[in-house]
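Number of protein chains: 2
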Amino acid sequence: MTVKGIEGFIIDLDGTVYKGKQPIPGAVEAIAELKRRGMKTVFLSNRGNISRKMCKAKLSAMGLDVPEEEILLSSTVTANFLSAYYSSSPVWTLGDAGLREELAAAGLAMADKPESAEWLVITLHETLTYKELNDAFRAVRSGARIIATNADKTFPGDEGDSIDVAGMIGAIVSSTGKEVELVIGKPSSIMAEAALRAIGLPPASCLVVGDSLASDIQLGKKAGMRTALVLTGSAKREDAEASEWQPDWIWDSLADAARAAAFSAETEAAK
Amino acid sequence: MTVKGIEGFIIDLDGTVYKGKQPIPGAVEAIAELKRRGMKTVFLSNRGNISRKMCKAKLSAMGLDVPEEEILLSSTVTANFLSAYYSSSPVWTLGDAGLREELAAAGLAMADKPESAEWLVITLHETLTYKELNDAFRAVRSGARIIATNADKTFPGDEGDSIDVAGMIGAIVSSTGKEVELVIGKPSSIMAEAALRAIGLPPASCLVVGDSLASDIQLGKKAGMRTALVLTGSAKREDAEASEWQPDWIWDSLADAARAAAFSAETEAAK
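So the sequences go chain by chain: A and B. Anchor point for the first sequence: position 97 equals 97 in the UniProt record's numbering, and the numbering is continuous, going up by one each time. Anchor point for the second sequence: position 54 equals 54 in the UniProt record's numbering, and the numbering is continuous, going up by one each time.
Chain A extracted, bound-state conformation (with noise of 0.2 Å):
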């Protein structure tokens, strides 16, 4: 269990440093102990529906200080994503407010109402109406076209695994016939460039650790650096072993990754 020639970790959030609001035993300690022996981190998330400041606040809360530099959720991606190709296309969105935040981080302007729309952003929405449905389902009927945050079926969520986006875009692809042009995160490269230029490191120097084989090891395996799955989330050790995406490590949790850390380091000084 070595883990030289890694500068960098790109770590996931859901399920690999928290589940719903408790932070996963070891994984605060964790990270801060990689930062202590000079490693960058950038955190990676498929969520959509909060906002870097929120999520900033939400790691606080738990003990850990982290720039919103370092934090590169689905939401941020698909906002820079719109504002670099898309910028003056009216968006309409069907999920929480951190996704309007990043959106207008970005400098995308909401349409006035819903047949408007150029885009429909669709992310998790955990304060989903009827209303706010068919004002995602008008838009569309209207010519928008549909971009997803991600396409995760579930998450893990206080009471359980809950019902993620897949389920949004299921309602509104359903209804309208059309299908979605765009899904921004993980595994897609789109995160993965994100996070490289963020991280500043070269793939070979990066390690990407995360609970899920579809959309962590696929990511990092597709765009050229090493993996590590955690058995905190999603995913259960016989998972790895069915699946295609075989990550470099089976962690049982973010704690092994400042011990590989610290072993590697040890491994190093005593040549």
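Treat the hints with care, since some could be wrong.
If chains are identical, the list can't say which one is meant, so a pair holds when it fits in one copy or spans any two.
To be verified - DSS-like mimics (lysine-lysine), calculated; alpha carbons at most 27 Å apart, straight line:
hint, residue 1, residue 2
1, K178, K236
2, K222, K21
3, K56, K131
4, K19, K113
5, K153, K131
6, K19, K131
7, K4, K178
8, K21, K35
9, K21, K113
10, K35, K153
11, K19, K178
12, K113, K131
13, K178, K131
It is worth saying that the hints were derived from the structure and are not from the lab.
With chain A's structure known, arrange chain B on it following the hints.
Here is chain B on its own, set in the frame of chain A:
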């Protein structure tokens, strides 16, 4: 334009008798005229989120007094189906209160929690919240089978076309990977048989009137009934020409039904 041999009218509601809360001009008078001429009537609607009691009150507010026995909603027929074949199965619902009223009227028991449900019944949910969506998701993840009152994509609401049951179904199917086992609503033979039982006439003596080619006209033709499309709802004349479901008549509105019945009666009398 003759409706010779017709003794009963099976009449759709949304888009045929009313749109949102507004009666369609001439519809109320036409129904009164049909009844005056001794025609039997049954109102057959894919609406699954209201009960017969609620529907009766709505029609009454428009000046149309209809006994509950003449009203057949997809909520009613779904409740009767479950009561006939799965009377001891606890159910969970994703839909408005009217559905639960019909399920209770048919003697079905609600599960005490989503995880205990054997069936999830999905219908239009105009008071939907994320929590209710998530409860339905949890029911299916725990093994509940899915039945839907109908699978319409849109309905004509007070503010224009609105997202219908297909949206609610899409949310659950896309996030759970489970399919809907049974859709009760028109054009199913279950709805046709329920209507024929309620009207007490053979198919050849019945005329189905509705605004949907795929629901009303298809149901009527498959069951051996005559059919009339009204242009007051979702379908236009050119839709009918392009459809595989060719109605026997195309009427501007339900008012033509009374004219056709009158014309037919005069023709008969003149013989």
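Here is how each hint holds up against the structure:
no., hint, in the structure
1, K178 - K236, "between (35 Å within a copy, 22 Å between copies)"
2, K222 - K21, "neither (31 Å within a copy, 55 Å between copies)"
3, K56 - K131, "between (30 Å within a copy, 26 Å between copies)"
4, K19 - K113, "between (36 Å within a copy, 23 Å between copies)"
5, K153 - K131, "both (22 Å within a copy, 16 Å between copies)"
6, K19 - K131, "between (30 Å within a copy, 18 Å between copies)"
7, K4 - K178, "neither (47 Å within a copy, 44 Å between copies)"
8, K21 - K35, "within (23 Å within a copy, 63 Å between copies)"
9, K21 - K113, "between (34 Å within a copy, 24 Å between copies)"
10, K35 - K153, "neither (32 Å within a copy, 52 Å between copies)"
11, K19 - K178, "between (33 Å within a copy, 26 Å between copies)"
12, K113 - K131, "both (13 Å within a copy, 26 Å between copies)"
13, K178 - K131, "both (20 Å within a copy, 26 Å between copies)"
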